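S.K.: Sequences listed follow chains A and B, in order. Per our numbering, the very first residue in the first sequence carries number 5; after that it's consecutive. Per our numbering, the very first residue in the second sequence carries number 718; after that it's consecutive.
Simulated coverage check for chain A against chain B, where a stretch passes if three residues somewhere in it have a Cβ under 8 angstroms from a Cβ of chain B:
#	stretch
1	22-31
2	94-102
3	111-120
4	137-147
5	166-180
6	255-262
7	283-290
Using 30 angstroms as the maximum straight-line C-alpha spacing, the simulated DSBU-like pairs for lysine-lysine come out as follows:
#	chain 1	residue 1	chain 2	residue 2
8	A	Lys63	B	Lys833
9	A	Lys44	B	Lys833
10	B	Lys850	A	Lys43
11	A	Lys44	B	Lys850
12	A	Lys63	A	Lys44
13	B	Lys727	A	Lys203
14	A	Lys289	B	Lys823
15	A	Lys63	B	Lys850
16	A	Lys246	B	Lys833
If you are wondering where the hints come from, they were derived from the structure by calculation, not from laboratory data. Nothing here was measured: the structure is a model prediction, and the numbers come from that model. Heads up, the beta-carbon is just placed ideally off N, CA and C, and yes, glycines get one too.
In case you want the letters, here they are:
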Amino acid sequence: MTGQLTTRSIARFMMAPAVVFLLGWMLAPLITTLYFSFKKYLPLRGGDLGWVGFENYVKFVTASSFWPSVYTTLIIVVSVLVITVVLGIFLALLLDQPMWGQGIVRILVIAPFFVMPTVSGLVWKNMFMDPINGILAHLWKFFGLQPLEWLVQYSLGSVIMIVSWQWLPFATLILLTAIQSLDREQLEAAEMDGASTIKRFGYIILPHLARAITIIILIQTIFLLSIFAEIFVTTAGAFGTKTLTYLIFQRVLESQNVGLGSAGGVYAIILANIVAIFLMRIVGKSLDAKAS
Amino acid sequence: MARSIKFQRKTINTLIAWAVGLLIFFPVLWTILTSFKTEAQAINDPPLFLFFDWTLENYAVVQERSDYMKFLTNSIIVAGGSTLLGIFIAVPAAWSMAFLPTKRTKDILLWMLSTKMLPAVGVLYPIYIGCIKLGLLDSRTALVVILMLINLPIIVWMLYTYFREIPSEILEAARMDGASLWKEIAYVLTPMAIPGIASTILLNLILAWNESFWTLNLTAAKAGTLTAFIASYSSPEGLFFAKLSAASTMAIAPILILGWFSQKQLVRGLTFGAVK
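Between the sequences and the hints, there should be enough to build the whole structure, so can you do that?
M.R.: Following this line, the structure appears as structure tokens:
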């Protein structure tokens, strides 16, 4: 009996540092953000100017920049999700086929994921999208077309392209892992029964990938909601690329309106948590599955 | 006959896959190639692929002008420090959750994961002002601690999924043989857990190396990491493609190599064990 008790207290003791650190990391900033969100607080222009109730919350959503930033965020998240999942399925199916040098192709496809966001933002912005010297400009000229000013004329599309390039490997890798766990015999049986490629894809492969796709969507959404560096180094939020994250960043650090920015931060936290709840359900289920 | 069709299909697959792979890899390849050109060659029309005068000049210029080594050192210290500190805190926690699970273990694991969902921008100001008050703005210490905390849930989760695969019978056998808890950890568990711990370290080095919200917002001249170093190139200045490429190549090379070794763990780590 005493043995059990000590084991349990040892377990607690070993878990304590991680739990305490994470609890502190979560609560202290969260409470501070909530605290500031109810204050008029301008560090460079008078400091703490007292409690204002929900004024910041109202101001943040009624500001003319709020809804555009929400749309921009949603367009980026949804477009990148669609692009990465659709192309990811195609790529995963392709990489699953027998071929020569599969390992090397895989390495080539995964590479963008390891490129730090500031690098991919700047490389795309300058060496590819520069309207005079960029590769794409050369390509357009080669076909006798007028080179585009990517980040000015098609700024949102360009950002989506850069971010999709970064996240495609992640989707591909997960989908490939899922495809490789597919029951080959089932596929062969369907082929023998005369099921067409499209039918085999629609009735066997796609349902098998459903879980992987859900997980990709949830995890990417959480990361995509807070993309920052890609916008910071390309457009700095100009030309309709100001996301909610970027808007809050500008309020807090650029215009030093902490109260207003904090209220925005609370909105961002709520938004992320809505997505998180669904992700947690799935992960929780896989935990149960493993335990049984 | 059947064999030749198979051969044909394999050839076609290979061609398509290599074409797509190279297309996706092209921006990285182009950056590496451009880093060996002179500035004039970098913007040559039409673009030069392989036939140019290869030079290492850009690397020297970049190092001289912005002290690349300082940023590299900062990146290594911040990524390495936060990962090691995280492992140090997470190993006992993951160990106890995997081998001494209680009713609340699952809740604790999920709660840890939920802290990862906290959007950084939501807590930007408190952290920013906290760093100023503690005199830690633009310090490596602050970054080490913050990046450790950001990645701690992933570290705990990854270790937990690896530890769970170690059969507990082995531990029981060791206990029967009279091994104390510490001996059990040192001589039985650790050797079996090393591959898992190594992959966890690898993935977290990558995540910490590329983290670019806090490293951009909390550093200036002193503690700037490579993400900040590259961001300083965001305002163009004359001819700079070759220099930008050299700087970029130096910033991504170490992690690209590490990353290729860790592809398998990547899936497991980033899906919290839900896809393996």
